[in-house]
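Line by line, the protein sequences are chains A and B.
The numbers in our numbering rise by one with no breaks, and the one at position 65 of the first sequence is 65.
In short: position in the second sequence from 1, add 1000, done, that's our numbering.
Hints are computed from structural coordinates only; laboratory data are not their basis.
Among the clues, some could well be false.
[Stated by the list, open to error] Which residues of chain A face chain B? A partial, calculated answer using Cβ under 8 Å:
hint, residue
1, GLY64
2, VAL65
3, LEU66
4, ILE70
5, PRO85
6, THR86
7, GLY88
8, LEU105
Please read all numbers here as calculations on a predicted model, not as lab measurements.
The beta carbon of each residue, even a glycine, is placed where N, CA and C say it ideally should be.
Okay, here's what each chain looks like letter by letter:
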Amino acid sequence: MTALAVRGLWKRFRLRPEKATLRRSNAEHWALRNVDFTLPSGGALGIIGANGSGKSTLLQIVAGVLKPTIGTVDTAGRVVAILNPTAGFHPDLSGRANVRMLATLHGFDRKRIESKMDAVVEFSGLDAYIDQPLRTYSAGMMIRLGFSTAAHLEPDLLVVDEVLSAGDLAFQRRSAGMARQLRSEGCTLLVSTHALGDLATICDRLMLLERGEMRAEGSAEEVVATYMQRVDAEGGAIQPGAPLVAGLRPTAPTNQVRITNITINGQPNPDRAGTTCGAPLEILIEYEASEPVDDAIFRVQFFRNDGLFVHGHNTVRAGVEVGVLEGRGVARLHYPDFGLLAGDYYVSVGIWPDEYRSYTTGEAYDHRPSACILHVDAPRSAGAGVAGFPCSWSIDKEPASVRSTAVYTAEP
Amino acid sequence: MPSRARRTMRLLRHLAWWDLVAQYFGSWVGLLWNVVLPGLVIVVYLAVFELSPRFRFGGWEAVGGYGVNLVAALLPWLLFQEGVSRAANSFVDQRHLLSQIPVPAALFPLANVSSSLLRHGVGLVILGVILMGAGVNTGVHWFGLLLVLPIALLLTIGGALVAACLTALHRDVAPTVGAAMLPLFFTTPVIYPPHVVPEALRVVMDLNPLTPVVTAYRDLLVTGRWPLPGGLVWSTAVGLVTLGIGLVLVKRIGPELAERLG
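Chain A on its own, in the form it takes in the complex:
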């Protein structure tokens, strides 16, 4: 049974002129262009794409708050949508009154609303604040209440725009769990988020929107790969020397100890270097101390292009006694089985006076925040996500006639 059928959907917005005028503007923007898909009952489709690709417009049309310019959207059953963090709540009413209002607007009578109130409040984790006016809630609290309310309104189709990846980590996990539970109960999900990892755990299909057009639809793996390729092709690929999104402050080197050369897998001072998941990786940090420096630490970090700090190590963690640095020398970091999965990563290299304090103040002896871009290839067998680990699968069948075994080892 089809829960959602979107047929030949186009959506045009008329752009407002900069100054208010009585004349109708002729400037227009086509937010959706010929979007066409169906979603079976109990299915889950994730929509991904860059900002302005039409994700929210599509979800708003499915939710019924926007009308298509061309095309049709057919839904079966109760459609419940969370399209913005405030979930349509009234700022002056209490959390409880807002739950009642939202439920009433979705056709619930008072008796049914009250029968669900405890569950809504408990899932949101807001029992201490539920009778306070919404204007006193933080954005995260509103999102929790909105999602909790929507999830308990017995949706046949739940439309969620960017909310699953909001809220604190614990609530993200609970809401993802609730989304999976709703699916198991037959609810259909249409979800949009930039948190690609969340989508893969909830949705069995993804759709990539690009400037309002469907560019790919299929398994999460295929569509995310297409998306990443397109992001790279459009200049979203990380560039040598580009500032990191997060994690490191600008530093003012003291030059007591200078990094003179960084060699990655035998390649000196590379802008780009490459390796394979599971293969060895060696980083040499050559230094020169203009004066004796005691107890310096060497640190190497790896950041994904979205700023995620995926791995780091330093000589203190390794228990290496650096001692006094004088003159020239080389620090060597060796990974026998480098475990990051396919992608481009910034490599940050630095020499620091201590492990934490100088890191927070940005006072390094010398620091190269994006010294190199490390391109990692990985075989499909290495797994999905950020890191790959040697592992093996085995399935014991009853009766024990056949034993199926598959092994992924670090050796490529």
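With chain A fixed as given, assemble chain B onto it according to the hints.
Structure of chain B alone, referenced to chain A:
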């Protein structure tokens, strides 16, 4: 009643209730402000104008003092003025909801009018009690409100829908509506009897569809006579035309509200 209409009526009831609640949510008096404020207006006007013999209302045929004549006409004016002015911003104020849930758009201005109607009802009850206590009893004429109140409501709903829709199109409309209320108030015979208006200006007052309504309220509640039907027919006609325009605008603009206000 079909289930869709039943659901719409239930939504309207709830939205009107929330409109009443939200205005004073968190205050100590809370919902009771909806009773206290109309009551206060009536009591203060009556106290000021009835206790002073210098205020006289109208000529030889006038019944009651200035205070009761003023309050009797003020009640339908406030219904119209409050209903239309608040409704003018109803779509803008509820844009967070309109961009979240597909709700019949007309319900929001209608909810504003409904809560104004409830306060109007409170005012009528308070005035009725005071009048009876003062020995002013127009008896059966109060039942005339069954005819006149719907006309006042028709004008209010029509004005509310038009103002709400036009404000969604152009934000300048809501403050314009607020500004227009003052001249409209003075062209409506609320604070003066109609016969004191100079002949040259009477056409303006006679074209005002609220004139027959406030005059009828005064006739029914204070003077104790049946209103003239001619003026009320004019008010009804204007009310129906306004309501028609309002409904057309809601049908045209309603589906685009989330887009226009987003």
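Checklist entry - Which hints from the list above does the structure break, by number from lowest to highest? => result Hint check: 4 and 5 fail, others pass.
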